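Chemist: Sequence:
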Amino acid sequence: MRARNLGLVLGEVAGGGPLTRAALAELTGLTKTTVSSLVADLLAAGLVAESPAVRAGERGRPGTEVRLSGGRVAALGLEVNVGSLTACVVDLTRVVRARRTVRADNRSREPGRVLAALDRLAGEVLAEAPSLRIAGTVLAVPGTVGDGLIHHAPHLGWRDVAVSALPSGRPVAVENEANLAALGELEFGDAPRDFLYVSGEIGIGAGIVRDGGLLRGATGLAGELGHVVVAEGGPACRCGSRGCLEVYAGQDALPSPEALAAGGPEAAAACERAGRALGLALTSAVNVLDPGTIVLGGCYVPLFPWLAPPVAAVLADRLGALRPAPPALVPAATGPDAAVLGAAARVLRRVLADPAAQW
Numbered sequence: 001m002r003a004r005n006l007g008l009v010l011g012e013v014a015g016g017g018p019l020t021r022a023a024l025a026e027l028t029g030l031t032k033t034t035v036s037s038l039v040a041d042l043l044a045a046g047l048v049a050e051s052p053a054v055r056a057g058e059r060g061r062p063g064t065e066v067r068l069s070g071g072r073v074a075a076l077g078l079e080v081n082v083g084s085l086t087a088c089v090v091d092l093t094r095v096v097r098a099r100r101t102v103r104a105d106n107r108s109r110e111p112g113r114v115l116a117a118l119d120r121l122a123g124e125v126l127a128e129a130p131s132l133r134i135a136g137t138v139l140a141v142p143g144t145v146g147d148g149l150i151h152h153a154p155h156l157g158w159r160d161v162a163v164s165a166l167p168s169g170r171p172v173a174v175e176n177e178a179n180l181a182a183l184g185e186l187e188f189g190d191a192p193r194d195f196l197y198v199s200g201e202i203g204i205g206a207g208i209v210r211d212g213g214l215l216r217g218a219t220g221l222a223g224e225l226g227h228v229v230v231a232e233g234g235p236a237c238r239c240g241s242r243g244c245l246e247v248y249a250g251q252d253a254l255p256s257p258e259a260l261a262a263g264g265p266e267a268a269a270a271c272e273r274a275g276r277a278l279g280l281a282l283t284s285a286v287n288v289l290d291p292g293t294i295v296l297g298g299c300y301v302p303l304f305p306w307l308a309p310p311v312a313a314v315l316a317d318r319l320g321a322l323r324p325a326p327p328a329l330v331p332a333a334t335g336p337d338a339a340v341l342g343a344a345a346r347v348l349r350r351v352l353a354d355p356a357a358q359w
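UniProt numbering applies: residue 1 is where the sequence shown begins, and numbers increase by one.
Heads up, some of the hints might be wrong.
Okay, the calculated beta carbon distance ranges per label pair [stated by the list, open to error]:
id, residue 1, residue 2, range
1, Arg100, Thr33, 15 to 25 Å
2, Pro171, Glu124, 14 to 24 Å
3, Glu50, Ala262, 37 to 47 Å
4, Ser36, Arg170, 32 to 42 Å
5, Ala40, Ala328, 43 to 53 Å
6, Arg2, Gly234, 56 to 66 Å
7, Thr33, Pro324, 32 to 42 Å
8, Ile134, Arg2, 36 to 46 Å
9, Lys32, Asp147, 38 to 48 Å
For the record, the hints were derived by calculation from the structure and aren't laboratory data. Remember, it's a predicted structure, so these values are computed and weren't measured experimentally. Glycine included, each C-beta is placed from N, C-alpha and C at the ideal position.
Please put together the full structure from these sequences, using the hints given.
Modeler: Here it is, written out as structure tokens:
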């Protein structure tokens, strides 16, 4: 019961703070004595801090407000991408305290070597925030993941790679990059509580957010949008099928923003083809999931001014008879950091839900 109440109080502080103890008692339905005891525990754990005294009204002693503290507890987010490694430390108030990215060609590179390089990078960012205690570490990878196993990351050339710790011994949880990017957009961006996040990289993934939570599917493999077939009998895909979306709208099929800005007809035609293919795949996703918003992330962000019009045109044409209007189409606010921020956010969410685990 005490663990549940600690989570209840910390959740109110995180969602609506700073708050006085009296306000917390009113919001939680707990007695003032109980709230004071719980706040004392949270203060001792470094999860909250007190602000200077404020007067709530004309009478009585001034109270102190309780707010989240970013001074002690933090999360380590990591990402392995095809062309880079990233690590960042984010404190409990969602402030990024340290972040580094290094370019690296990880395609077909032995997993142990990649993880060793990532471990060294993690050590560098942790050295920049020595006063913080890391409550957990999550790794984002571009592949299908379940129970600590990277089942298949085709663009890395990895299959059935078990990851439960970094070479240094630091425990790590593994999650699909698109799922974490959706969580990063939810926690650090401008997205609503219900949306479909599309991660455009060499592969294409999707994260589904419903009422503030991720929908992973029965086996954790929901969101493989890149392997929706958009052209029966089309070119071969790395997955072994043909005509998959990522062949038409993955990063390798897209022109650069510079080429599009220069107005070249070949670049414009390539972007038009990619946008129409993406719109076709998203039509099916909208009919199944009914999202109110579609967020385009990854490499789609700098291409959004050119890519969004053909996507929107296909959605409007194919969904017009079924609904008053297609979903809103917006670029991701978190840019290339979406997945690594989402990795850290997964840890911070756990801390807020179960602060008792910090003792």
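Chemist: Would you list, in rising numerical order, the hints stated earlier that this structure does not obey?
Modeler: 1, 3, 7, 8
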